[in-house]
Amino acid sequence: MAEPMRIRATMAGDVADVKVLMNHPMETGLRKDAKTGQLVPAHFIQDVTATINGAAVLNADFGTGISKNPYLGFKVKGPKKGDKVVVNWVDNKGDKNSAEATIG
Amino acid sequence: MNALRRNVLKGAAGAGTVAIAVAAGLLKPTQAMAAWNKSAFEAKNVGDAMKGLGVAGPADSKEITIKAPDIAENGAVVPVEVTSSIAGTTSIAILAEKNATPLVGTYNMAGGTQGYISTRIKMGQTSLVRAVVNAGGKSYTAAKEVKVTIGGCGG
Chain S
7 MAEPMRIRAT MAGDVADVKV LMNHPMETGL RKDAKTGQLV PAHFIQDVTA
57 TINGAAVLNA DFGTGISKNP YLGFKVKGPK KGDKVVVNWV DNKGDKNSAE
107 ATIG
Chain A
52 MNALRRNVLK GAAGAGTVAI AVAAGLLKPT QAMAAWNKSA FEAKNVGDAM
102 KGLGVAGPAD SKEITIKAPD IAENGAVVPV EVTSSIAGTT SIAILAEKNA
152 TPLVGTYNMA GGTQGYISTR IKMGQTSLVR AVVNAGGKSY TAAKEVKVTI
202 GGCGG
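Protein chains in written order, with the working numbering: chain S, 7 to 110; chain A, 52 to 206.
One should not assume that every hint holds.
Unchecked claim - Derived lysine to aspartate or glutamate pairs resembling EDC-like cross-links, with alpha carbons at most 16 Å apart: (1) A:Lys189 - A:Asp121; (2) A:Lys195 - A:Asp99; (3) S:Lys99 - S:Asp53; (4) A:Lys89 - S:Asp53; (5) S:Lys86 - S:Asp23; (6) A:Lys195 - A:Asp121; (7) S:Lys81 - A:Asp121; (8) S:Lys25 - A:Asp121; (9) A:Lys198 - A:Asp121.
Worth flagging that the hints you see were computed from the coordinates, not collected in a lab.
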């Protein structure tokens, strides 16, 4: 499931605007497969953490109500151009993904 | 007489320990957010979700802005932006009140992260989208109605 994740981070004044696009089906466990009529088991991202230069800036927990291929935007005051943003996620099946980007 | 007195004392000490344990348990959700908050996320109504989050009677606040469409044609992807201008915002939770499980996501800020979250959520039907903000040990809330023409929770 390790599909690529995209991060874009730009400085606007002294605030870094970070946008993350994750690739994930985000199944709620309530949807039925159109062909088989069986419920599609829940499969969704549960935990997302973001760090800038190794320091934690955001820890998000997702429920099943987050849309497929989740988008997450947040703003951090203080970092500089060239700082490194790292985003990790873990889903309910234990799959993980990580990506990093440089603030530009 | 003496024995009874002993028992009473013992009982009191026992109750005290329980109270401390409960207090420790109550502190947990805010401190150890690393663990996924199962009771809050699997709650079937807003009240239980709030309880799971450890939020009781949040105050309405005009300093929280929720940017979401008035009418969402596709409930599977509803863009939602929450901005809290309350000083010292430490966490934001987003709930879609009429979803099967109302709690959508919780976001904990650290180290310079501002009270702003942008995301896309699923909505089963027309309902209030509620934001619950924790700042300085207090909770605040605001809500905005989003009309949904086609539900996004499948089924």
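Hints, verified against the model:
| no. | hint | verdict |
| --- | --- | --- |
| 1 | A:Lys189 - A:Asp121 | violated, 29 Å |
| 2 | A:Lys195 - A:Asp99 | violated, 20 Å |
| 3 | S:Lys99 - S:Asp53 | holds, 12 Å |
| 4 | A:Lys89 - S:Asp53 | holds, 12 Å |
| 5 | S:Lys86 - S:Asp23 | holds, 11 Å |
| 6 | A:Lys195 - A:Asp121 | holds, 8 Å |
| 7 | S:Lys81 - A:Asp121 | violated, 25 Å |
| 8 | S:Lys25 - A:Asp121 | violated, 24 Å |
| 9 | A:Lys198 - A:Asp121 | holds, 6 Å |
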